[in-house]
Each structure stands twice: as structure tokens, then as C-alpha cells.
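Q: So the chains spell out like this:
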Amino acid sequence: MSFVDQTAEFFANLVGYGSSPGSTISAVLGACLSGLTCGALGSFIILRRMSLFADMLAHAALPGVAIGFILAGSKSTPALLLGSLVAGLLAAALTRTITSYSRIKDDASLGITLSLFYAIGIWLLSWITRRGGDLGAKASGLNQYLFGNSAIITTVDLLFLASAALVVLAVIGLFFKEISSSIFDPSFTDSIGLPRKFFENLLLVLLTLVIVVSLKILGVILVAALLVIPPATAYLLTDKLPRMVLLSAVLGGLAGFGGVYLDFVLLLDEEGNGVGGGAAIVCLAFLGLMAAFLASPRHGVLGRYLRHKRLGLKTLRENLLTSAWRIGERGGELAAIPIADLASERGEEPSATRLLARRMNGSGWGHLQSDRLVLTPSGQERARTLMRGHRLWEIFLQREASLAPDHVHAGAEEIEHFLDAETVRELEELLDNPETDPHGKTIPPGEKS
Amino acid sequence: MTAAPIEIHDLTVSYDQKPVLWNIDIEIPEGALVGIIGPNGAGKSTLLKSVMGLLDPSSGWVKIYGDPIERQRATVGYIPQREEVDWDFPITVRDLVLMGRYGHLGLLRRPAAADREIVNNALEEVGMTSFADRQIANLSGGQQQRIFLARALAQESRVYLMDEPFAGVDATTEKAIVRLLKQMRAEKRTLLVVHHDLQTASEYFDHLLLLNRRLVAFGPTEEVFTEELLRKTYGGHLTVLSQAGEAIRQSRDGKK
Amino acid sequence: MTRLALELSPVLGVAQLWFKDFDTWPLLMALLVSLSCGLLGTVFLVRRTALLGDAVSHSVLPGIAGGLLLAGIVLEHDEESAFGASPTMLFILAGALVAGLASTMLIEALHRHSRIKPDTALGAVFPAFFAGGVILIRLFFTDTHFDENCVFYGALENIFDFRDVAPTLFCSILVVLFFLGFYKEILITSFDRQLSGALGLPVGLMNLLLISLLALAVVVAFEAVGAILVIALLIIPPATAQLLSCRFNRVLILSALFGLSAAFLGCWMTIILQVAGFATLRAPTIAVVASLQFLLALVFSPAQGLLAQALRKRALESRILEENLLGSVYRLGGTPSAEAVTLEEAATRLGYPPEKLGAALRRCRIRGELTVGSEGILLTTQGREKVGGIIRGHRLWESYMIHEMGAATDHVHDAADHIEHHLQPSLVKELEKLLGHPELDPHGSEIP
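Going down the list, the sequences are from chains A, B and C. Heads up: the first sequence at position 90 corresponds to 789 in my numbering, and the numbers run straight through without jumps. Heads up: the second sequence at position 26 corresponds to 505 in my numbering, and the numbers run straight through without jumps. Heads up: the third sequence at position 232 corresponds to 218 in my numbering, and the numbers run straight through without jumps.
Calculated from the structure, these hints are not laboratory results.
Quick list of in silico lysine-lysine cross-link-like pairs, DSS-like style, CA-CA up to 27 Å:
1) C/K415 to B/K497
2) B/K711 to C/K415
3) A/K804 to C/K170
4) A/K896 to B/K497
5) C/K299 to B/K497
6) B/K528 to A/K804
Sample of chain A residues lacking proximity to chain B, with all beta carbon distances greater than 10 Å (derived):
7) T776
8) L781
9) T796
10) L841
11) V964
12) I1026
13) S1062
14) S1077
15) Q1079
16) R1098
17) P1104
18) G1110
19) P1143
Note that CB positions come from ideal geometry on N, CA and C, so glycine has one too.
Kindly produce the complete structure, drawing on both the sequences and the hints.
A: In C-alpha cells:
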């Protein structure tokens, strides 16, 4: 079936028609719930620098799944969930014990616990599947817990997922300020008497819970990613914590939805079974992270690059303005300066100056016309302000920084672009409103003159 | 007789099995503006943290107005050293100052209009109102210090412990902080401030606590700021304390 | 004789196993993998980037898949075993290198050019790469080239001849040569980046080489222990080694040894378990053995172990009890010229129940510091000397506190009580000097 047909089939399933409405709806619901919960809680996890701890917990859940299966004799969801919960909490305790009682550091301790529990889990799984007999037969599909597979979500799983989601959202809603304070400033939180340790442990328990209910969909290896990637994306897009939590949840849910969709549409094998949601969900979420990394207006790489370029252009234009001013001082007509004069003032070829002058176009300060740099009134004003700042700074350097008069120019050249009105006023005050600069040039009067 | 704001009795604090504060014994009077001075490693921050109950003492105790610190949380405000915070955390200046009210709100309650009013006043006291809705990154050292002060003001405590509030701040901020401290003293609040600069210490504080792992002296500035006592604080026979501390650590730890 | 034979038969049975069923090629593979991982893992452990190994072992997956894909296109024929010494393997290695290096560079870029923290960057990138690998595999390799199980359980059971082992052997040789040749550089760049820079050592190049070797080691280990269990061999033996030694070269060697022993014992135990009816695989067993080694070291390490810590604590407590006993006997006058002291009196003075002092009393008696007669306890000359030293220290410390620390006279006794057990002779001498050899303590008692 073609891509379009598959898509149609997918949405048909969602609304109740199509060949497998039940499983599709369950898969979508499960993945969205999981993404939502992981996203919301994950915001606190990454701010608390617990991303790798989450990864460890996820791997550590595996033996719990195996033991739950062995004890219950079947793949009963409550048994497996309970097993993983206990395993996760034990792993957390072991990690803490190792760091408290030996010189092993945090990262290594996480790695040790992760490997140990994971190895035991794999060991048990391999024993179970090889064992044959009753148990062995029922065990097929336990492997799904490694990679995850949203296609095998049952109603019971959904119930647990929904309950976990409710619990997590309720806790976040009720204790938002306590949790964020504990993460942001632990010693302050202690000092005002809030039970910080309780909230840290609560966070840990919620984390284990969320991981455990999401295992079936995302698998042991990838579930932690959904606790990290959507929150990291949100982190790059907003500066307010409540928004970050909300955004992260939304992004997680979207990744869940998209992942199941992609699974359904693109990644089917011969029997029509999907890849299993985990991988597609994570890849989608990661693409979102990369997009934010590049394009986030405030924190993205592209944004910074563009800002940098814009600053460069502004500096270029302003340098032209100050050169124009100097010519104006010597008697030239400030409103329209021949390129040739500008070029000789700046010590460059007229062709180069012409290029620069062309870049003045669109700045509102002036433009190139009949081989002259024509300055608007605001352009002239800007030139005057720049010059003022420049010369005041030169005096400052000379008086306060004991710089020789012939050294002050270069420093002032650089800084003139960044002197705002308030700083200039402070300079005036500090230097007692001087009228000439170290070279004897007049300081253009300020606003109040 | 009402209890003193801060009473420290025979306090010894260890770090990693090794005592770093030895048998500290003082009583801070109400309304005192106390500067704690001493060389690096003297245990000044440790002392503050112990008073706050953030560190458990090996022996001795601390009482705030006659009660243990756990029962007097609302009475004491603590401003830690600035570096200990993640400046990329997605909160605004106002959010940070609002945290000062959390102790009074307790669990589950949300900040009310009155709380927000207190926050606004605190921000104005320190001159950071125009920054209120900015995220806390990209603030200068002085501005960072001011918002921590605002948070402390919002706590409306009677006793304040401050760990090097003047470190790395510009001259304007320094003046502003001193003015604020003196105003707080006028309001009968008790202030215990770790300070790093000897020169200004004698100007800013009316009491001085000379500390170098043990109490060298405590009292009104004129009495205590003497050459002899300062020499004892900054020079002094501390090899004994170091050796004893090391001996204790070794026998408890086994490591050489 | 028959009974002996019967009793020995299980042992013989196992020994038989050893020689008959014990496949040497899988063992060799396991040993080689443990060697590389043990050595490399130590470096990452001391650099506090232990989980970077975990990350790289996940992020090479798309590289492996990509390499296989490319090999399929370029070489135009199917390889039966993709992992032995074959041209396909070269593609796989190249792919893994690219993926490993790309993921570390991306992690670096993420946290350097945005406010994302390093651990978040790590936790975001490697699962994404792994997920990408999984998708590639599912899209293009739905047949047996890529048994999912292989990824997890490894397939040490499928190592049959030298050809299978060759790439791993090559990698291990490379790793060992690297450590032999660059030991100094590895040491310095791991412990002091700034010094390395100042010395002109190529810190960046070292990192590159380490990551590359790691990627290689991971890939060749793929077939042996599965990409995921590599992490166990990268972290656990080095951590075990770290619990036993403080010196880098020793930690390196111990780490390799523990890895090798885990491999050996793991393989051996697998066979035994299989015979006993527990069907299991070598790879997870090796990891479990390595973990057991770690837990044993955690408890029993002579310097750092939990047991050693507990014993030290107990020894200290006993010593304090004994010294307190001696001290209280002295103070109650238990010298031959005075009256004997009963245990109850001594205990009351100290505020303990008498039973608590029983063992201490016995030890002091054995050491010849106390004698117990019909009337009670007496100090021997030896005991008196010892007590004298302690009380001397106590009283000197009290004087020190009063003179040098401005402490109040009624505050000093308890503090001195605590510290008297820790004052060594050299320190006591120093106190004397400092205080000008006083004869009386603050309470007016004589200083012995």
C-alpha cells in the first residue's frame, strides 16, 4: 500500500473504522499518554541533572520484569509493573549506597548499577526463553520490553498509564513550587524548612513509576530518552518553568503520536507489524530537539549566528558614519559626502568604500546616491552621538585608565558602538562635562546642550 | 529574660571526619550587625551553615531565641554564597524573590496578592524592579547579589545569616547593601555576615566575630578590632588544631 | 574406593566438561573483549566520563547498520557471517567509527553552543542514535543478518574459529599497544587537562584516539557480548580495581585482570549451569560475575571496603572504652597504694552499664594494664603509665582551649574527654611547648 493509503488507513482506524481500530487507538493513546507524562516529569529531571539516573533506572527495571513474570507465571501487567518498580527502587538505593560508602563517583556508580541489574535481567530473560516448557512459551514477547512496541498495548496497560499520568500531573500541580524550589536551591529550601528530601524522594518514586508504565511502549533502552529529549527541546524554547513543563508535555505527546503514525505507515514488516514505537518516537523527538537547537529565537545556534551577523553590519555602518562626521567637521557637507573623500579619510580604495556605502541602504541612516553618501537627519544624529561617545571614552581612558593619548583611539573605536545613552550620561558626569577630547577635537554636544 | 537571637554552645563541626570548627561558644545580642572575619578555610561558611542546621555538629548546639532551628525556620533567613545556583534555570527574578515567601506559605498553599506585594517591595528596596520579569541569567555579580537580598527581605525574618554578600559586587551595589543592612538593623533585626575584607569590616559592622577554626574573639568592633587579636586570627598557632584534627580523621577513617 | 570415586565423580564430571565441552574460541573471544574494555574503561572511569562508554556503545548501532548497507551495495554479495574477518567487517568498523565520533561531537556541540547541560546532551544524543540504528535495521535488515537477540545477548556461542576472533584480536592488540606506547600521555591528559595543555600534549588528539578505540572495541565486541553488555565490561572491572588501589598503573592492570577473570569464570560457570539444567548464555553470566567481583571488593577491600570500615570503627570504639576504663579507675584511685575499684564504680563514673565494660576489662587485663583481685580492679605500673599519658593529654588540651581558644573553664572538660583518645605523643609534646610546660590544669589538678 502506498504512503497515502496507509495514512488514510491510519486515520480511519483512529476514528473507529479500518482494519484494526482497537489496536491503533490503544497504541496512539498509550504513546501520547506516555509522551505527555515523560515530558512533564522530564522537565524536572533534566533540571535536576538526573538524565543519566533515569537511564539507569530504565535499564534496571529489566530484571524486575523478568522476576515479575517468573513469579506470576504470566505476562500479567500488574506483576511486571510491580517487579520493575521494586527493581528500580532497589537500583536507586544501590547507587546511593555505592557512592556513600566508597570513593566510587556518581557516574561510575550509575554505570555499575545499570550494568549489574541489566545483566541480571538479560540473564534471567535468556534463561526464561531457553527454558521451554510452559513458562518458555508464555515468555515470547518479553523481548518487547527491550525495544518497546506500542502495538501490543492492552487496556490494562492503558489504565495503568492513565493512572500514572494522573498521579504525576496531580503531584506537579499541587507541589509545583516545592519541587522547583528543591531543585533550584536545595540549601535555601532546607533553610526555610520545606521538606526537601521528601520531595527529592518523591521525584525519584514518580520517575520510577513513569519509567515502569512506559516500558512496554518505549522499551528499556529508549524510555529515558523521552524523559530527556522533549524537556531539553522545551528548555531551549522558553525561559519560564511552567511553560517549559507544559511545552515539554505537549512535545512528548506529539512525538508519541507521530512515532506511532510513522510506525504504522512506513515501518511495517511483511506481516504488517510495525517496528515498535520506541525508535520512531525517539527519533522524532530528537528531530524536534535539533530544530530547536538550530532555530530557537533566543537560544538557537542560527539565531545567534544571525544576531552576530547583524551586529557586524551595524558596526560597519556606524564606522562609515563616524568617518563621515570627521569629514563634516573639517568643513565637508555632512548631508552628502563624495565617496572619494570618504575613501581617503578611511585610507581605502574608493571601490571598497562604495561597497560599504551601498550597505548603508535600508538602514534609515542614509544611502548611496550619485557616488555620494547621502545621510538622513537621523543618520547625522547617529553620527553625532557616536562621535560624542567615542571622544568621551577617550578622555575616560586617558584620565581614569592612565592611557597615553595616542593609545586611546583604538579602544574608543571599538566601544563606541556599545555606549548607550545612560552610560554616556554617566561618563559626562564622571568627567565633568568636558568640551574637547585628548586630541583637541570638539566633543559634539549632547541632548541637553 | 528573653532568649538571645542566636546562642551557640560548644559547637564542634566536622567535615569528612575532621573537625573544622572547634568548640565555638557565643551569644549574639539582638539588633547586632555582626561581621565574621577570618582567613580562608577558617570555617566561616561552615559556621553559618551549622547555625542554619544545614550541617550537623559533632557536638554542641545552636538555639534561635531559645529554640532549635527546626522550630524557628520562619525566623531566620539565609543568603548563601552566589555560586551555588544554576543561572540557566528557567525562572525570572520575580520568581526567585517569591521563593522567599515559600517558608511562610508552607506546603500546598499558593502565593496570594499580599505575598506578591511583599515581593514588589523587596525588589524595590534593592533597586531591581526593572529586572523583575527577566530570566536570572545575564545579571552582573552585583545584580545577582541584590536579588538574593530581595529574596531574604521577602522572608521577613528577624535574624539573617549572609555568606559573603559583598564578594564580587560593584561599588554601587556595595553601598546599597550596606545601607540596606543598616536599615535592617534599625528595624531591630539581627544580622550575622561573613565578610572577606578587613578594611571595610571595621566600618560596616558594630560587632565583630574573629574566627579561625575556633573563636578568637567576639564583641563590639572597637574592643575587638585590635592588632593583637587580628594577628591571632590570621597568624597563630594552628598546627596543633590541624594535627589534632588530622589525628582524629585518621583514627576514624583508617586512610593515611 | 567406590565411595571416594562416587564423591569425586561430580568433580570429575566437571573436569570432563572442562576439557570436552569447553570451547576455547568463545573463551578467547571473551578474554580479548574483556582486556580491551577493561583497559579503555579505566581511562573513562578516572576521567569521570564512565557513561560515555555506555553512550558510544549505543550510538555505534546506526554506524554498524550503515556499514552493512554500504557493504551490501558495494561488495554485491552477501556475507554469511558479517562479523568475522571479512571485507564487510571493514565497512562495519568504518561505520562504527563515524557514528561513534559523530555522536560525541554532537554531544559536545549541544552543550557547548546552547544552555543544555552535558549530562542532558549525553542522555539525548545516544538514544537518538540508537533509535536511528534500530530503524535502519528494521527497514533494511529484516532477515537474519541482524538478530535482535544478538544485539542484547551477544552470541559468544557462535564463535567457531579463528576467523571470527581475528578482528577482536586485532583490536585488543591495538589497544594494548596504545596503552604501552602512550601511557604517560594518557595519564597526564586524564588527570590534569591544563597541565597537559601547558606541556603541549595533544589533549584533543588523545580524546579522538580514545573514542575511536572505544568505538572499535565496542563493535568487535558486538558479536561476543552484545553492544549493550559491553558497558558492563567497560565499567565494572575498572571500578572493582579502583576499590583496591589508588595508583593508576595498578588500577589499569587490576582492571584488565578482573575483566579477564570475569570472562574466564563467566564462561566456566555458564557451562556448569547448563549442565545443572539452567540454560543460560555466556555474556550475561560474565557480566554477573564481574558484578559479584565488584560487590566482593566493595565489602572486603582491605583499605576501603565496608567490612574494613566497620572493623575500624569497632576498633576505635573498643580503644576508647578501654582508655575510658583506665581513666576512670585512675581517677577513682585504683593504685596499689589506694583502694581497688570495683567494676560497678568505674561504670557508674562513666555512665555506662557495667556489662559494657566487661570486654574492655578483659582486654586491659590481657595486656597487663589492669589486675583484678578480690576487692576489685587495680592499675599496674604499665597501666598507670598509659593512663598518665592520656590524662596528660586531656589536661593539656583543656589548658590549650582556655588559653588559645578563649573557652570558658567549665566548658573544656567534655571536649577534652573526646579528644584525649586521639592525641598522639608528638602532638602532646607540641602542646606542652606551646603552653610553656604547665604543671597544673585549669581545675587545679596536677598534670601527670
